[in-house]
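Kindly generate the complete structure, drawing on both the sequences and the hints.
Sequence order for the protein chains is A and B. When you number the first sequence by my numbering, it's gap-free, plus one each residue, and the end is 333. When you number the second sequence by my numbering, it's gap-free, plus one each residue, and the end is 611.
Each hint should be verified, as a subset may be incorrect.
Here are the simulated lysine to aspartate or glutamate pairs, EDC-like style, with alpha carbons at most 20 angstroms apart [to be verified]:
hint, chain 1, residue 1, chain 2, residue 2
1, B, K254, A, E54
2, A, K101, B, D371
3, B, K272, B, D294
4, A, K139, B, D161
5, B, K367, A, E55
Don't read these hints as lab results, they were simulated from the structure.
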Amino acid sequence: MTTDMSDRSLVELRPAQATPSSPEQGSSARAHLKVFRGDAGGPTRFDDFDVPVEEGMVVLDALHWIQGNGAPDLAVRWNCKAAKCGSCSAEVNGRPRLTCKTRLSDFDLDEPITVEPMRAFPLVRDLVTDVSWNYEVNKSIQPFTPPADVAQADWRWQQEDIERVQEYRKCIECFLCQDVCHVLRNHETEKPFMGPRFLVRAAGLEMHPMDQADRRGYLKDTGNIGYCNITKCCTEVCPEHIKITDNAIIPLKERVADEFYDPIQWAWRKLRGRSDATTTRASLPVLQHGAASAAKPMAGAKGALPTPPARTAPEPKQPARPSDAGDETPSEG
Amino acid sequence: MVLAPDALDQIESHAVDVLVVGAGGAGLRAAIEAQAAGAKVGLVCKSLLGKAHTVMAEGGVAAALAHVDPDDSWQTHFRDTMVGGKLLNNPRMAQLHAMEAPDRVRELELWGAVFDRTRDGRILQRPFGGHSHPRLAHVGDRTGLEMIRTLQDRAVASSVDVFMEATITRIITGSAGVAGAFGYWRTTGAPVVFPAKAVVLATGGIGKAYTITSNSWEYSGDGHALAYDAGAELIDMEFVQFHPTGMVWPPGVKGLLVTEAVRGEGGILRNKDGERFMWKYLPEDRRDEYAATDEEAARWVTSQSQGQVTDARRPPELSTRDNVSRAIYTEVREGRGTPHGGVYLDISYLPAEHVRRKLPSMFDQFKELADVDITKGPMEVGPTTHYVMGGVRVDAETGASTVPGLFAAGEVAGGMHGANRLGGNSLSDLLVFGARTGAAAAAHASERKAVPYADPVQLREGARELAEPLDRGAGEDPYVLQRDLQDVMQRLVGIYRVEADLQEAISELARLRGRSSSLAVGGGRAFNPGWNLVYELRNLLTVSEAITRSALQRNESRGAHSRIDYPETDQAGWGDRNSVVRRRPDGSMEVTTTPLPPMPDELRALLGGAH
Numbered sequence: 001m002t003t004d005m006s007d008r009s010l011v012e013l014r015p016a017q018a019t020p021s022s023p024e025q026g027s028s029a030r031a032h033l034k035v036f037r038g039d040a041g042g043p044t045r046f047d048d049f050d051v052p053v054e055e056g057m058v059v060l061d062a063l064h065w066i067q068g069n070g071a072p073d074l075a076v077r078w079n080c081k082a083a084k085c086g087s088c089s090a091e092v093n094g095r096p097r098l099t100c101k102t103r104l105s106d107f108d109l110d111e112p113i114t115v116e117p118m119r120a121f122p123l124v125r126d127l128v129t130d131v132s133w134n135y136e137v138n139k140s141i142q143p144f145t146p147p148a149d150v151a152q153a154d155w156r157w158q159q160e161d162i163e164r165v166q167e168y169r170k171c172i173e174c175f176l177c178q179d180v181c182h183v184l185r186n187h188e189t190e191k192p193f194m195g196p197r198f199l200v201r202a203a204g205l206e207m208h209p210m211d212q213a214d215r216r217g218y219l220k221d222t223g224n225i226g227y228c229n230i231t232k233c234c235t236e237v238c239p240e241h242i243k244i245t246d247n248a249i250i251p252l253k254e255r256v257a258d259e260f261y262d263p264i265q266w267a268w269r270k271l272r273g274r275s276d277a278t279t280t281r282a283s284l285p286v287l288q289h290g291a292a293s294a295a296k297p298m299a300g301a302k303g304a305l306p307t308p309p310a311r312t313a314p315e316p317k318q319p320a321r322p323s324d325a326g327d328e329t330p331s332e333g
Numbered sequence: 001m002v003l004a005p006d007a008l009d010q011i012e013s014h015a016v017d018v019l020v021v022g023a024g025g026a027g028l029r030a031a032i033e034a035q036a037a038g039a040k041v042g043l044v045c046k047s048l049l050g051k052a053h054t055v056m057a058e059g060g061v062a063a064a065l066a067h068v069d070p071d072d073s074w075q076t077h078f079r080d081t082m083v084g085g086k087l088l089n090n091p092r093m094a095q096l097h098a099m100e101a102p103d104r105v106r107e108l109e110l111w112g113a114v115f116d117r118t119r120d121g122r123i124l125q126r127p128f129g130g131h132s133h134p135r136l137a138h139v140g141d142r143t144g145l146e147m148i149r150t151l152q153d154r155a156v157a158s159s160v161d162v163f164m165e166a167t168i169t170r171i172i173t174g175s176a177g178v179a180g181a182f183g184y185w186r187t188t189g190a191p192v193v194f195p196a197k198a199v200v201l202a203t204g205g206i207g208k209a210y211t212i213t214s215n216s217w218e219y220s221g222d223g224h225a226l227a228y229d230a231g232a233e234l235i236d237m238e239f240v241q242f243h244p245t246g247m248v249w250p251p252g253v254k255g256l257l258v259t260e261a262v263r264g265e266g267g268i269l270r271n272k273d274g275e276r277f278m279w280k281y282l283p284e285d286r287r288d289e290y291a292a293t294d295e296e297a298a299r300w301v302t303s304q305s306q307g308q309v310t311d312a313r314r315p316p317e318l319s320t321r322d323n324v325s326r327a328i329y330t331e332v333r334e335g336r337g338t339p340h341g342g343v344y345l346d347i348s349y350l351p352a353e354h355v356r357r358k359l360p361s362m363f364d365q366f367k368e369l370a371d372v373d374i375t376k377g378p379m380e381v382g383p384t385t386h387y388v389m390g391g392v393r394v395d396a397e398t399g400a401s402t403v404p405g406l407f408a409a410g411e412v413a414g415g416m417h418g419a420n421r422l423g424g425n426s427l428s429d430l431l432v433f434g435a436r437t438g439a440a441a442a443a444h445a446s447e448r449k450a451v452p453y454a455d456p457v458q459l460r461e462g463a464r465e466l467a468e469p470l471d472r473g474a475g476e477d478p479y480v481l482q483r484d485l486q487d488v489m490q491r492l493v494g495i496y497r498v499e500a501d502l503q504e505a506i507s508e509l510a511r512l513r514g515r516s517s518s519l520a521v522g523g524g525r526a527f528n529p530g531w532n533l534v535y536e537l538r539n540l541l542t543v544s545e546a547i548t549r550s551a552l553q554r555n556e557s558r559g560a561h562s563r564i565d566y567p568e569t570d571q572a573g574w575g576d577r578n579s580v581v582r583r584r585p586d587g588s589m590e591v592t593t594t595p596l597p598p599m600p601d602e603l604r605a606l607l608g609g610a611h
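If you want it as structure tokens, here you go:
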């Protein structure tokens with residue numbers, strides 16, 4: 001690491017640079033944003049911006065205003081601005097959110113609003129993180145496997161029979177559930193954990209009425225479903241309101257338990273010598289530490305998630321905030 | 001920094017047979033098909049995989065499956081498409097589209113999609129504007145998400161090489177046509193070249209040329225401009241679809257799409273006086289396709305919500321998009337608009353549970369972004385730039401452009417939708433022509449034996465263009481230029497057009513183009529949105545000029561193109577020709593026309609009295 005975070009001059013808040021001399025909007029209300037800036041390996045800091053507030057404004061609007069008024073290089077990932085694509089994920093006052101549906105009116109505008117990148121993933125720049133690990137994990141899941149001998153035209157399902165699968169398929173891949181999952185966020189497990197997003201995908205495949213594959217061995221030995229200790233933080237942050245823990249993860253855990261820990265199933269498997277469910281696959285890639293944790297939100301920030309109880313791991317390390325960073329570096333979670 | 005000549009060998013290079021630019025529905029479908037045909041395929045996209053604009057499509061994919069109404073057929077779908085497009089469509093494209101869409105939709109379920117069901121367990125279909133039968137296969141109002149995820153999973157499972165977050169800034173050409181594409185990684189700013197035997201453009205549309213649009217930042221006309229710069233022809237660029245229902249409030253979401261499915265499920269449009277104004281705007285020659293009274297329209301909605309076939313005709317709100325947009329615009333202009341400058345769209349008279357089940361994301365969108373509960377009160381809506389019917393002139397069977405090795409599919413291709421697109425026809429378009437184009441590009445690549453030669457002169461020019469705005473030091477802010485461009489297009493080249501405005505727009509665009517040569521940004525290359533915008537602005541300027549010049553040339557009103565000074569449709573003068581835009585050798589833009597492709601008698605017969 002080249003960055004010495006103990007050099008306070010690098011990380012002190014800089015003066016607001018995007019305040020216009022004459023606000024265009026009639027509204028006099030202003031929001032004060034503290035926005036994480038910096039890139040992988042370089043010094044990081046918070047920049048302060050005073051943004052004129054319009055009715056109905058969301059955090060992403062404020063970030064766009066900043067880009068259009070003096071900070072055109074502020075890195076923000078976004079697309080649809082309608083909570084349909086899952087690109088604009090960030091941590092607002094410490095809570096993983098889609099910035100396109102986080103309204104400024106939900107905050108006390110007398111207090112600054114802190115916006116940081118997702119902390120579970122390595123930093124690219126400013127609010128953008130490298131989420132490519134997720135795409136690698138996704139590749140390791142056996143895709144939809146329909147029967148070869150039933151023509152699709154003959155597939156008939158009742159609506160109520162597919163509603164559960166449709167719930168899983170509502171996922172917009174914002175990766176907020178991955179970000180908040182303490183197993184991934186703390187980077188402390190021995191083997192990589194696939195995370196809630198991909199348990200949701202696996203559930204959608206396993207419970208699809210026409211799918212023929214068996215992913216239980218994969219879930220147990222490669223995806224390491226056992227690391228999930230059902231704290232439900234993922235469900236809490238899901239912008240699509242998917243009941244991740246109750247409807248996806250717990251049923252999958254039960255299937256895995258039935259297959260591998262039920263004595264009758266165990267004996268039966270021995271008898272028939274079946275191996276497909278227990279095939280050992282290459283392990284998942286390792287998720288690199290998130291650099292963004294160097295910019296810890298202000299203590300006691302409103303709306304911050306409680307630290308999930310850690311049952312399989314020791315107490316999560318509390319990463320240092322930039323102003324009192326000691327030996328923490330941006331690339332060490 | 002200008003790359004030294006010898007640094008050119010250090011540009012990261014990924015040679016493929018077929019390079020697909022854009023990973024929305026058309027690009028993914030093309031990549032899947034090309035890979036299945038044995039080509040080595042690279043898929044490059046500006047965003048993360050799965051975030052492309054297709055994800056925002058809501059209402060459904062049009063295909064004559066005839067699950068809800070057994071009377072539906074490809075012939076009827078063809079007719080509806082041609083009539084909706086004011087007969088300016090390429091008839092062969094409209095025919096292939098109508099014939100092949102059902103198989104392409106069914107195939108998605110083989111790949112894992114799960115559409116909503118009829119009572120007898122088949123894929124459910126909903127009614128939409130301009131479609132004679134309930135025709136749109138859908139998943140609530142998140143059909144695009146279902147499609148893109150299905151295609152994404154299929155592409156990944158087929159081992160397509162995906163290059164995420166990269167922008168293509170030029171097509172590399174050689175004596176045999178296309179030789180690849182040059183661009184840069186958005187995350188680092190480093191240049192990258194993809195030598196390729198065929199390039200498929202699947203870059204979507206141009207909505208970011210306007211202030212009020214349902215489109216995301218990605219829709220900057222990249223493929224249109226890349227094709228134009230490479231020497232390909234564009235057609236029908238005057239036809240820009242203004243979707244009738246975008247959100248008008250709050251300001252941050254102005255233009256955000258409100259799906260036509262709201263009207264498909266029975267949504268009623270009213271002005272501030274409570275008048276159901278669409279009754280006044282139905283075209284006389286199609287009046288008999290619509291209900292005669294509120295009572296008949298209500299009967300249609302009731303049957304529809306229960307999945308029953310009815311003899312009641314559809315409500316007036318299900319007129320074609322061009323017509324509904326003009327109606328809303330006129331109501332607002334004449335002083336009958338809502339406080340936020342729109343009209344009311346009301347679905348709250350239906351049972352709340354039904355609305356939430358059929359329109360879940362609309363419910364969330366209004367609840368969370370506008371504090372409106374659509375099960376309890378009306379939405380406020382107004383027109384928003386949504387889609388461009390014009391695009392790269394392609395061969396109907398193969399998607400081949402006029403440049404050898406350069407193909408186009410989806411919104412970036414022209415011809416399929418004529419003067420106005422029907423809702424639901426874009427998702428079927430991208431499946432049908434994505435697949436056809438992918439196959440044709442793979443075939444083209446397999447016939448080309450020579451390894452593509454990435455001409456160093458073009459690479460050097462590409463690298464120079466990348467460096468300029470960073471090296472310039474001081475100059476125009478790209479965000480300011482973008483606002484000014486959007487203002488020109490919104491003000492002067494909108495729903496209603498007139499010669500004086502269009503002339504003014506042409507001079508304004510020339511001035512903006514002048515300013516664009518002095519764009520400067522700071523902040524380096526890594527994930528720098530201001531720097532990225534420079535290349536998107538260049539493309540937006542090209543498509544804006546193409547739209548404006550084509551609109552000026554077509555002195556009639558047809559479909560989505562409405563001229564105040566030429567309010568009539570001039571069938572004799574303009575009914576038989578498409579506008580064509582191409583680049584002259586001196587770099588200036590030539591606008592002319594070409595005769596419509598001939599329509600075989602058997603297709604003409606399907607149009608009944610419509611021609």
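Structure-based check of each hint:
{"no.": "1", "hint": "B/K254 to A/E54", "verdict": "12 angstroms, holds"}
{"no.": "2", "hint": "A/K101 to B/D371", "verdict": "12 angstroms, holds"}
{"no.": "3", "hint": "B/K272 to B/D294", "verdict": "18 angstroms, holds"}
{"no.": "4", "hint": "A/K139 to B/D161", "verdict": "12 angstroms, holds"}
{"no.": "5", "hint": "B/K367 to A/E55", "verdict": "15 angstroms, holds"}
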